[in-house]
Amino acid sequence: MRVVIAEDAVLLREGLVGLLERFGHTVAASVGDAPALLAAVAEHRPDAVVTDVRMPPGFSDEGLRAALELRERHPELAVLVLSQYVEQTYAAELLESGAGAGIGYLLKDRIGDVREFVEALDRVAAGGTVVDPEVVRQLLRRRRDPLARLTPREQQVLGLIAEGRTNASIAKELFVTEAAVAKHIANIFAKLDLPPESDGHRRVLAVLAYLR
Amino acid sequence: MLNRTALEALTRRPLPFLGSAWPWRSAAYLLASAVPGVAVGVAAFATIPLGWVGAPVVLALSLPFVAWFERRRLRLVDGVPLPEVPDRRRREAGLAVFTVLALWWIDLIMLAFTVGGPVILILSPVVQPLADSVAVVASVGGVLLLPVAAYTITAWGGARGVMVRAMLAPQGAELSEVLRSRARLVDAFEVERRRIERDLHDGAQQRLVSLSMTLGLARLDLPDDSPTGRLIERAHDEAKQALAELRELIRGVHSQVLTDRGLGAAVRDVAGRSPVPVDVAVELDGRLPAPVEVTAYYVVSEALANLAKHSRATSGAVTARVERGTLVVEVRDDGTGGADPAKGTGLTGLADRLAVVGGRLSLSSPVGGPTLIRVEIPCA
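In order, the protein sequences belong to chains P and A. Anchor point for the first sequence: position 65 equals 65 in our numbering, and the numbering is continuous, going up by one each time. Anchor point for the second sequence: position 367 equals 367 in our numbering, and the numbering is continuous, going up by one each time.
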């Protein structure tokens with residue numbers, strides 16, 4: 001997979017390049033600000049973009065705006081946005097772009113769990129949706145009904161669904177059988193009045209659309 | 001004893017007062033009204049050759065000079081320096097119009113009666129064709145009236161000075177200066193918070209993410225059950241923990257989403273992080289002035305922190321809207337109530353912070369609940 005990285009902290013940028021290359025990806029370009037990101041994507045036509053939210057010149061949300069602009073120009077481009085904080089506002093804006101397919105919003109902290117991080121990028125590149133579990137946790141806390149009716153285990157499963165995990169992956173994470181996971185998901189959809197949906201990212205979207 | 005104004009001098013005992021310069025200064029102050037009088041006179045004459053348009057033009061042209069003159073001569077009866085006010089030009093123009101239309105001729109009539117009267121009485125033996133005895137009595141009466149005239153002149157001079165001061169520098173002008181300097185201080189703190197946040201974000205936080213990534217990579221290469229592997233794993237967990245703590249710390253210092261997306265988004269985010277479910281209804285059209293947004297945000301953050309810590313509430317609600325140019329924010333909960341500004345520094349701190357932007361805080365928190373905090377901040 002060919003990736004373009006946008007991150008203004010040099011140390012972190014170089015680290016990300018090394019990390020992705022180690023897992024067999026090609027980093028076509030690594031840049032330090034939003035205009036350079038737009039230019040690099042136009043030039044290299046990568047499969048995926050990994051970008052920080054906050055970048056020069058204004059050190060506000062340039063990276064996020066660039067990501068939204070890229071999604072508009074190239075709807076098929078996978079974009080993974082890294083944020084220092086969980087901002088529901090930013091997550092919602094991002095998920096609305098391109099119907100949420102091939103989109104990811106993660107806390108920067110997740111880079112530390114290198115394997116999970118690269119897997120998340122792979123899922124996004126494959127057209128999946130990845131939402132930081134922290135966002136889901138906050139959303140769960142904000143809305144009482146009917147999410148309050150979910151059992152702790154079901155909330156955990158919902159969080160993993162939001163991360164874009166497959167049933168097999170969720171089963172492995174929770175040390176249960178896939179059948180058990182399927183049962184949890186059926187319960188969640190029933191409690192949230194959502195029609196069951198087999199496609200990975202669409203069920204995340206359904207849940208998030210409901211949460212918004 | 002030193003007196004700073006003519007009115008203060010009036011309270012002195014008679015002999016020191018009559019011996020002081022204040023009656024003379026007051027007289028000079030009032031006599032100086034001949035100068036704006038001249039302006040009116042010139043305007044009156046201007047009507048003859050220039051027609052009816054001429055007089056208003058001459059008066060209008062003389063207004064800046066009259067205002068300058070009033071400001072200077074005030075020092076004769078009032079030694080207290082005038083504070084600088086933001087609408088100085090407008091106030092001076094008003095005073096000049098008032099002087100040209102009314103004050104100058106009142107001053108001169110006052111002077112003519114109080115001083116002219118006794119002087120004519122004193123001079124009666126010379127100017128009046130009366131019996132000598134009557135003239136002498138009148139003359140003596142005139143001399144006795146002079147101290148009275150000193151009081152009258154000083155009283156009017158002092159009162160006129162107070163009027164001029166009230167027009168040039170309203171009461172509370174010094175106080176508003178204090179408030180402005182407090183606002184500057186708060187602004188300076190805000191800039192400093194932003195700088196600290198930026199430094200932590202660009203420095204420590206990036207390095208910690210980088211460190212965590214390096215440790216994560218190192219873990220890949222080491223078997224989990226080796227002693228080094230376990231140590232690396234522990235270091236990695238601690239780095240992640242430090243990162244999470246730093247993130248919360250930085251968020252408390254400054255809200256980036258407030259700067260980027262405004263009050264509505266920032267309030268929704270802070271409510272989203274509250275352990276107690278909080279409903280948010282923010283109805284705002286566009287952005288508000290930065291100091292208003294920052295103050296309102298801190299009020300909501302503090303109120304929600306209190307709600308989570310002390311209220312034992314199971315739910316809360318935040319509403320914000322602009323009513324007739326005033327931002328009204330309400331934070332309510334269904335907790336046990338009994339919040340008392342006297343007990344903690346939180347509520348008092350909020351009230352102080354609001355005072356800087358001219359806002360008000362009201363609190364209703366009967367024991368047994370519920371609690372309602374209402375904040376009003378003028379947006380203009």
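Among these hints, one or two may not hold up.
[Said to hold, decoys possible] Quick list of in silico lysine to aspartate or glutamate cross-link-like pairs, EDC-like style, CA-CA up to 16 Å:
1) K172/P with E134/P
2) K191/P with E173/P
3) K240/A with E154/P
4) K240/A with E72/P
5) K240/A with E134/P
6) K309/A with E283/A
7) K309/A with D334/A
8) K191/P with E154/P
[To be verified] Away from chain A, derived, C-beta distances all over 10 Å, residues of chain P:
9) A9
10) G15
11) G18
12) A29
13) E87
14) T89
15) Y90
16) G112
17) R149
18) T166
19) A168
20) K183
21) N187
These aren't lab readings, by the way, just hints derived from the structure by calculation. Please read all numbers here as calculations on a predicted model, not as lab measurements. In this text, a Cβ means the ideal position worked out from N, Cα and C, and glycines have one as well.
Comparing the hints with the structure gives:
For the suggested pair K172/P and E134/P, the alpha carbons sit about 20 Å apart, so the restraint of at most 16 Å is broken. Only pairs whose Cα atoms come within 16 Å are accepted, and K191/P paired with E173/P is rejected, the gap being roughly 23 Å. About 26 Å separates the Cα atoms of K240/A and E154/P, which puts this hinted pair outside 16 Å; it is violated. About 34 Å separates the Cα atoms of K240/A and E72/P, which puts this hinted pair outside 16 Å; it is violated.
Taking the CA atoms of K240/A and E134/P, the gap is near 14 Å; set against the 16 Å cutoff, the hint holds. Proximity of K309/A to E283/A is assessed by CA-CA distance (about 27 Å); at most 16 Å being required, the pair is judged violated. Under the criterion of a C-alpha separation no larger than 16 Å, the hint pairing K309/A with D334/A is consistent with the structure, at around 13 Å. Proximity of K191/P to E154/P is assessed by CA-CA distance (about 10 Å); at most 16 Å being required, the pair is judged to hold.
With a closest Cβ-Cβ approach of about 4 Å to chain A, A9/P is found to fall inside the 10 Å limit, against its non-interface label. A Cβ of chain A approaches the Cβ of G15/P within 10 Å, the least distance being about 5 Å, so the stated non-interface status is violated. The non-interface label for G18/P is inconsistent with chain A: the shortest C-beta to C-beta separation is roughly 8 Å, within 10 Å. Distance to chain A confirms A29/P as a non-interface residue, since its nearest Cβ pair spans about 20 Å, more than 10 Å.
Some Cβ of chain A comes within 10 Å of the Cβ of E87/P; the nearest lies about 5 Å off, and the non-interface call is violated. Listed as a non-interface residue, T89/P fails to keep its Cβ farther than 10 Å from every Cβ of chain A; the least gap is roughly 4 Å. A cut-off of 10 Å between C-beta atoms contradicts the statement that Y90/P is not in contact with chain A; the least separation is 8 Å. The Cβ of G112/P does not lie farther than 10 Å from every Cβ of chain A; its closest approach is about 3 Å, which violates its non-interface assignment.
With a least beta-carbon separation of about 14 Å from chain A, R149/P lies farther than 10 Å from that chain, consistent with its non-interface assignment. With a least CB separation of 22 Å from chain A, T166/P remains clear of the 10 Å interface cut-off, as annotated. Distance check on A168/P: its Cβ is at least 22 Å (rounded) from any Cβ of chain A, clearing the 10 Å threshold; non-interface status holds. A cut-off of 10 Å between C-beta atoms confirms that K183/P is not in contact with chain A; the least separation is 27 Å.
Interface exclusion of N187/P from chain A stands, the closest Cβ pair being 22 Å apart, more than 10 Å.
Checked against the numbered hints above, the structure breaks hints 1, 2, 3, 4, 6, 9, 10, 11, 13, 14, 15, 16 and satisfies the rest.
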